Amino acid sequence: MTSPSPGKASAADTVTGGPRRRRVGTRRRGKAAGTVPLALLLPALVALAFLVVPLIALLIRAPWQSMPELLSSTEVWQALRLSLLCATLATLICLLFGVPLAWLLARVDFPGRGFVRALVTLPLVLPPVVGGVALLMALGRNGVVGRHLDAWFGVTLPFTTTGVVIAEAFVAMPFLVISVEGTLRAADQRYEEAATTLGASRFTAFRRVTLPLIAPGVAAGAVLAWARALGEFGATITFAGNFPGRTQTMPLAVYLALQSDPEAAIALSLVLLAVSIAVLAGLRDRWMAPS
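Mapping of the sequence shown onto the working numbering: position 49 corresponds to residue 37, and the numbering continues sequentially without gaps.
Any given hint could turn out to be false.
To be verified - Here are the in silico distance ranges between beta carbons for each label pair:
1. Ile265 <-> Asp176: 32 to 40 Å
2. Ala266 <-> Val132: 32 to 40 Å
3. Leu59 <-> Pro200: 36 to 44 Å
4. Glu251 <-> Asp97: 37 to 45 Å
5. Pro232 <-> Ala106: 32 to 40 Å
6. Leu33 <-> Val132: 48 to 56 Å
It should be emphasised that the hints constitute simulated quantities derived from the structure, not laboratory data. None of these values were measured; they are calculated from a predicted model. No residue lacks a Cβ here, since even glycine has one placed at the ideal position from N, Cα and C.
Please take these sequences and the hints and turn them into a complete structure.
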C-alpha cells in the first residue's frame, strides 16, 4: 500500500483538518469582531452620557411633590391644549400637501427635481428664527403674499392661532415629505402599473393601491411631523408671538416660566419629555428594532 504523497492531503486530513481550521478561523474572526477598541469605546460612552445626563438631571431636579399643583394651573392647560390643537392641525396640513409632494419627488422625473428636493429639506437645517422671519416677509401684513390677503380678504395671519399652525407646518412638513418619499421609493411600482393597465387612472391607482402600501411610512412621517410641530419654538415666537391663550404653546410657556418660576419650567419640560418618549415608543418598530 502506498503512502500519500507529501504534496497531497489524505482523506482523513480533508475531513478532520479542513473543517477544524475553518472553525478555528471563524472563532478567531468572531472574537476579533466582538472586541471593542478602547479608543472607540470611551468616546462612545462620553457621547451617551452627554445625551442622557441632562435628561436624568431633569428628572432629579423635578419638583415631584408640587407637580400636581404646577400642572393644574389654567395657563399650563391653555398652553397644553393649544399645543396639541395646533400640532394636530399642522400635521393635517402636512399630510394634505406633503404626501402629494413626496409622490411628485419619488415618481415624477422632471428637470430640477434635485433642486426642489433641496428646497423641501431646507427648513431642516434653517434656523427656526430665520424661518419665522421668512414667514413674516411672505405672510405678514406687509409681506409679499400677506398684503394681498389683508387687502382682498381681510385675513391677517401673524400673531394669531392660525399663525402658530402655519409656523409649525413650515418646520414640520420636511419630516413628513422625506419619510413618505423614502417609503415610495422602496415600494414596488409594478402594482401601480398593473392598476393602470387594468384601466385605473393615476390618482385612482395612488389612492387604492399605493397609499395602502405606504401607509406605515405615512404614519411614521405624520408622527415625526406632529412631534416636531409640538416642540417648535423659534418660528412660532417670531411669526405668531407669545400671547397666553392665543399663541403661547408649551415651548413658549417653558421659556416664559424659566425666567420667573424655574420649577414650573421643569414641570412643563417633563410634560414635553413624556410626549417625546411616547412618540419614540410609537416608532419603536422603525427605530428600536434589532438589526
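Q. How does the Cβ-Cβ distance of Leu33 and Val132 compare with 48 to 56 Å: does it lie in that range?
A. holds (50 Å)
Q) Holds or violated: 32 to 40 Å for the Cβ distance of Pro232 and Ala106? A) holds (38 Å)
**Q.** Whether the CB-CB distance between Ile265 and Asp176 falls inside 32 to 40 Å
**A.** Holds, since Ile265 and Asp176 (Cβ atoms, about 35 Å apart) stay within the stated range.
Q | Whether the CB-CB distance between Ala266 and Val132 falls inside 32 to 40 Å | A | holds (39 Å)
**Q.** Outcome for the supplied range 37 to 45 Å, where the beta carbon pair is Glu251 and Asp97
**A.** violated (56 Å)
Q.
Holds or violated: the 36 to 44 Å window for the beta-carbon distance between Leu59 and Pro200?
A. holds (40 Å)
In this structure, only the earlier hint numbered 4 is contradicted, and the remaining ones agree with it.
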